[in-house]
Every structure is written in structure tokens, then in C-alpha cells.
Amino acid sequence: DGGITQSPKYLFRKEGQNVTLSCEQNLNHDAMYWYRQDPGQGLRLIYYSQIVNDFQKGDIAEGYSVSREKKESFPLTVTSAQKNPTAFYLCASSPSGSGNEQFFGPGTRLTVL
Amino acid sequence: KQEVTQIPAALSVPEGENLVLNCSFTDSAIYNLQWFRQDPGKGLTSLLLIQSSQREQTSGRLNASLDKSSGRSTLYIAASQPGDSATYLCAVSPPDTGRRALTFGSGTRLQVQP
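Which chain is which? The protein sequence lines are A and B, in order.
Residue numbers for the first sequence follow our numbering, so the first one is 3 and each next one is one higher.
Residue numbers for the second sequence follow our numbering, so the first one is 2 and each next one is one higher.
Any given hint could be a false lead.
[Said to hold, decoys possible] Cross-link-like lysine to any residue pairs, in silico, SDA-like; alpha carbons within 25 Å at most:
(1) K2(B) to E26(A)
(2) K72(A) to R101(B)
(3) K72(A) to D56(A)
(4) K43(B) to E26(A)
[Stated by the list, open to error] To give an idea of the chain B side of the interface with chain A (calculated C-beta under 7 Å), a few residues:
(5) N19
(6) L45
(7) L50
(8) S54
(9) A102
(10) F105
(11) G106
[To be verified] A few chain A residues that face chain B, going by a derived Cβ cut-off under 10 Å, partial list only:
(12) I6
(13) Q43
(14) L47
(15) F90
(16) N102
(17) F105
What the hints contain is simulated information worked out from the structure, not anything from laboratory work.
By construction, the Cβ of each residue, glycine as well, lies at the ideal position given by its N, Cα and C atoms.
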């Protein structure tokens with residue numbers, strides 16, 4: 003069953019803690035993305051990776067970090083430096099070519115207590 | 002900087018009605034445009050992808066058009082059903098091959114009344 007999985011579905015964090023959100027895809031896609039969604043708003047780009055071992059900052063990268071050690075995995079760490087981390091986090095992937103259609107995972111809802 | 006706007010922000014229609022959702026973007030230099038559906042608390046489901054060289058795409062009761070020169074796209078839903086109730090998002094991809102991340106609109110929240 004091909005697709006994108008994200009875990010956990012819900013995550014609670016105390017202030018000052020770092021947390022890591024998992025994103026895995028078995029679609030053999032080269033590119034992967036992390037977006038953040040706040041209530042009533044569209045998605046904003048945090049980080050993206052076009053290829054293994056390479057990633058770039060998006061529009062709102064401050065307070066976040068990523069790694070891309072394997073093609074199928076693109077974990078996102080929300081650090082204590084992120085001042086307002088409560089949001090819905092969505093991971094996506096796309097193939098090279100084929101119109102660059104992006105496919106999304108089910109999301110992780112992060113709440114800071 | 003690319004900006005994407007969706008109008009209306011919310012829409013309520015009776016079942017069976019045909020409807021049009023609008024999307025506009027400020028920079029016509031795009032690689033493609035994608036329409037998504039999002040159910041509450043869920044991820045995004047891709048509905049239609051239109052390449053910059055195309056004018057429209059169809060899938061079942063959905064038809065999306067693209068007028069790149071005027072920076073507009075419309076999503077037409079025929080014979081709406083209560084199951085169509087969701088938020089619809091449009092997003093554009095830049096031509097830069099080094100960064101194909103999407104810029105999103107804020108969405109149109111659609112409710113179809115039975």
C-alpha cells in the first residue's frame with residue numbers, strides 16, 4: 003500500500019522541549035516537504051528537500067530543523083526556539099517530473115501545554 | 002512574492018447545485034496549479050493538477066480551468082452532494098526547478114446541505 007505516513011497523529015509538548023515529527027513515504031519520491039497549517043489559513047512551507055542529504059529552508063524555518071538521511075524519511079524537529087509551535091503539520095512528497103504533483107500525509111497536530 | 006487568494010472563504014449550497022470556486026494568483030510565472038480537498042482534521046487529497054501549458058482538467062464531476070495570463074483558476078463542481086462538504090485549497094508551484102514547493106490559498110469552506 004503506497005503512501006505517506008506521519009506519526010504521531012497527536013503530540014503534546016511542554017514549553018522548552020524539543021519534539022520530532024516523523025514522515026515516511028514508500029512512493030520512491032525524490033522531493034519531500036514540511037508545511038504548517040494554522041486555523042483558517044493555508045499551508046506555509048517550513049523546509050523542503052529535493053534529494054537525499056540535501057534540504058533547504060522554506061518561508062518559516064526559524065525554530066525548526068530537519069534531516070534527510072534516507073530517501074523515504076524526512077523527520078521534522080520542533081525546537082524550543084519555535085515561539086508558537088501549536089499547529090497542524092503536514093508532510094508531502096513529489097516525484098521528479100510527472101508534473102510535480104504533490105501528495106500529502108494525514109498530518110500531526112502539535113499542542114504546546 | 003507569489004500570493005494566492007481564494008474567494009469566497011465559505012459557501013453553503015443546497016444539494017444538486019452546480020458551483021464554482023475561484024482562485025487567483027499574483028505571479029503568472031507558474032509551473033503548475035493543484036486543487037486539493039481537506040476534510041476537518043485530515044491531510045490534503047489531490048483533486049486535479051493543471052500544468053502551466055494546459056487550460057483545464059476534468060475528473061468525474063470536477064472540472065478545473067486555468068488562465069495563466071490573468072492569474073486565475075476555477076474549480077467547477079457539478080451536481081453537488083453532501084459528501085462534497087470540505088475545504089478546497091488551491092496551490093501554485095513556481096517554475097524554479099530548485100524549489101517546487103507550493104504556495105497555498107486560504108481555502109474555501111464548502112457546505113452542501115441535503
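Going through the hints against the structure:
no., hint, verdict
1, K2(B) to E26(A), "violated, 30 Å"
2, K72(A) to R101(B), "holds, 20 Å"
3, K72(A) to D56(A), "holds, 10 Å"
4, K43(B) to E26(A), "holds, 17 Å"
5, N19, "violated, 25 Å"
6, L45, "holds, 4 Å"
7, L50, "holds, 5 Å"
8, S54, "violated, 10 Å"
9, A102, "holds, 5 Å"
10, F105, "holds, 3 Å"
11, G106, "holds, 5 Å"
12, I6, "holds, 8 Å"
13, Q43, "holds, 6 Å"
14, L47, "holds, 5 Å"
15, F90, "holds, 8 Å"
16, N102, "holds, 5 Å"
17, F105, "holds, 6 Å"
Violated hints for the displayed structure, listed by number in ascending order: 1, 5, 8.
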